[in-house]
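Colleague: The lines below spell out each chain.
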Amino acid sequence: MRRMPRLALGAGALALAVAAGLAGCAAAGAGTGTNSSPAVSAPTDAAPATITVFAAASLTDAFDELARQYEHAHPNVDVVLNSGGSAALAQQVVEGAPADVFASAAEGPMQTLVDAGLATDPAVFATNTLQLAVPAGNRAGVTGLADLARAELRIALCDESVPCGAASAKLLAQARVTASPDTLESDVRAVLTKVSLGEVDAALVYRTDVLAAGDAVEGIDVPGAASVVNRYPIAALDGAPDAAAGFVAFVTGPAGRAVLAEAGFGAP
Amino acid sequence: MTAVAVLALAVLVLPLVALVARAPWAELPELLARESVLQALVLSFVTATAATGLCLVLGVPLATLLARAADWPTVPRRLLRAAVTVPLVLPPVVGGIALLMLLGRRGLVGSVLEDWFGVTVPFTSGAVVLAQVFVSLPFLVFAVEGALRSADRRTEGAAATLGASRWQVFRHVTLPLVAPGVAAGAVLCFSRALGEFGATITFAGSLPGVTRTLPIASYLAMQSDPDEAVALALLLLAVSVAVLLGLRDRWLPGVRG
Amino acid sequence: MMPAEPSSARPSLHADVTVTRGERRIAAAFDVVPGHPLAVIGPNGAGKSSVLAAIAGLVPLDAGEVRIGSRRVDGLPPERRRIGVVFQDYVLFPHLSVRDNVAFAARMRGGSRSAARAVAEPWLARYDLTALADRLPAELSGGQAQRVALARALAADPDVLLLDEPMSALDVEVRADMRAELATHVREFGGATVLVTHSPADAAALADSVLVLERGLVTQRGTLAELRAAPATAYVERMLAASVE
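Chain order of the listed sequences is A, B and C.
Going by the numbering used here, the letters in the first sequence line up with residues 1 to 268, in that order.
Going by the numbering used here, the letters in the second sequence line up with residues 1001 to 1257, in that order.
Going by the numbering used here, the letters in the third sequence line up with residues 2001 to 2245, in that order.
The following block holds chain A by itself, in its conformation from the complex (with noise of 0.2 Å):
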């Protein structure tokens, strides 16, 4: 990590910089194993505390749905949920963003934290797979991934720069496919909205988030999306409270998982 802006305003911010700068010099890996158990099994535990839960656009809905059930079972637990685009995320948490737990859609930002010394052993709790979303009635008459190639269509993809755009690159270089996009969005929710909206024929997006969208939204399926995986990490960053452990010991354990699948989510 180099020069860390010295402008953070909140004193959450400051803190929790110093204590990444103090973690990723002494290499203090806090083995979210041996840490994590007191949290699960202790409803009870002493101080109230807040998690700040960052996590990528596609898993807004499962984390909704995780943090309510954590809340009610550590009720001196107070989960703060921030999602968005992985790598979006994954940035700010290196530029001293007050995250405790960082859930990415993709290995690479998970990388960009363990890299910076700021996220030490994650671990894989969910997969995803591509779908084509189209637009309730599907008036294109969209059949298949070929179809993102005609021009006449407007078509959303996610930008390449975010995990949905890079598996979304793949999958159609895989297919032999030069998608012609209208709009490469910086999140993988933008894209779904511009379905639901109707402003676009045709889109590529997660499985979970075609379920998500509800009737506005049909998913179709496309051979060799099950090629494409995105393995979704998590971890709870250095330095935060024996509660953010116990967190992802909630998303990673039985209950979370059963969450996650009802979302769409593969099994890691």
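Don't take every hint at face value.
Heads up, simulated DMTMM-like pairs for lysine to aspartate or glutamate below, C-alpha to C-alpha not over 25 Å straight-line [claimed, not checked]: (1) 170/A / 1035/B; (2) 170/A / 1030/B; (3) 170/A / 147/A; (4) 170/A / 221/A; (5) 170/A / 160/A; (6) 170/A / 78/A.
No wet-lab data here; the hints were simulated from the structure.
For this one, chain A is given, so just place chains B and C on it according to the hints.
Modeller: For chains B and C alone, coordinates are given in the frame of chain A:
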């Protein structure tokens, strides 16, 4: 008091100082010469110029109407003023959503355009210009209106009694009196259009060379290549400072109190 | 073109105007012969300025006519009436120098900027403005601005001169001097002149006869002496009594 004022100044200035201090100066030429940066730069200048032109064409008559509305009854006068003010105080994203609701494919007007003429507005450079016009038009209108109000309308009558035709009155009296306001308005309008982000990304999307303007490119680069993002941000900062200096030196002294 | 010498060849003014300003209807009819200025006097809001504006063509007539000599001008736009106006507060062009204000009429007649400035020179000299020629109106005193306004109007070589409250923008202590100076200039102009004022002192110094306008209607006309002898309304009586200036 003074300490707070210094703190306030720091809040305004320090982030920009940090931006300049942290800029990758050595790599800057290479970063700014990148295809993606040049593309965004050209697109931004072309769309902001088009938006400024459109604002002039639309805004000067609107400013004239607003200046004349001084004699109107209270309710319509206030409604008119509010309508012009709203985009100033509205978060630009809201403007983008509103434009989408109007001109999107399922929008009030957009659906007609699509069904009857096969025209879709979002995701085009035209949509970028529209988003920019939406957010920057009030700047032009208020600048010109201010100039019109401060200009004494009786000077036009005076010119007529001295033999000036209508055209001569406009050319030799009205125009010189409001020109500083129009110019200042156009510069503000241009800089606001150049910096437009929220309405653009919401309404026009983000495609390199078509709708990905400098601010959007900068935002996206922040996720993958912070150095490029900082370079783009510096570029925008430089343009803003240039605009500010241009405004102060060239136009403001011409406007007498 | 040299400033015109007093001339009896100038035409007289016949005005018979009816105009509506807001709720009020204003009607006045009078004749003014060259060399015998008329003062239109009356309380604030009586419609005095509207009468001048109607004669100059700046507000539309509801009825009536305006003739200059044998020339009927009420159908003409202001720029073709040849009526010079010194406006209340003078209304100089704020973006033009004193020289270019005075040269404005010549410029509008199609001359080049330098030709128009050449035409303005004798007028600047005559009104003692040469030293101020490069100033902007914002840099002038009230008396200086009045001279510029007069020079600007007369440089257009008008047939008729209208003066709207020419003294009201001046400080009280300089008014007496300025009034005398203005009276000289008006005499030198020599054409038909109408002065709007609410001050009997102005009327006495600048005009031969007086027309009283109250609530849009003419209530009395005559010389000041005639008004004093038999004031027709309470306003006239009060005005004359208060005017021991």
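Colleague: State for each hint whether it applies.
Modeller: Now for the hints, and whether the structure bears them out:
1. The suggested pairing of residue 170/A with residue 1035/B holds, with an alpha-carbon distance near 23 Å, which does not exceed 25 Å.
2. For the given pair, residue 170/A sits about 28 Å from residue 1030/B by alpha-carbon distance, which is inconsistent with the 25 Å threshold.
3. A threshold of 25 Å between alpha carbons decides the hint, and for residue 170/A with residue 147/A the separation of about 16 Å falls inside it, so the pair holds.
4. Between residue 170/A and residue 221/A the CA atoms are separated by roughly 16 Å; this keeps the pair inside 25 Å, and the hint holds.
5. With a C-alpha separation of about 10 Å, the suggested pairing of residue 170/A with residue 160/A holds against the 25 Å cut-off.
6. For the suggested pair residue 170/A and residue 78/A, the alpha carbons sit about 38 Å apart, so the restraint of at most 25 Å is broken.
In this structure, the hints that do not hold are numbers 2 and 6, in rising order.
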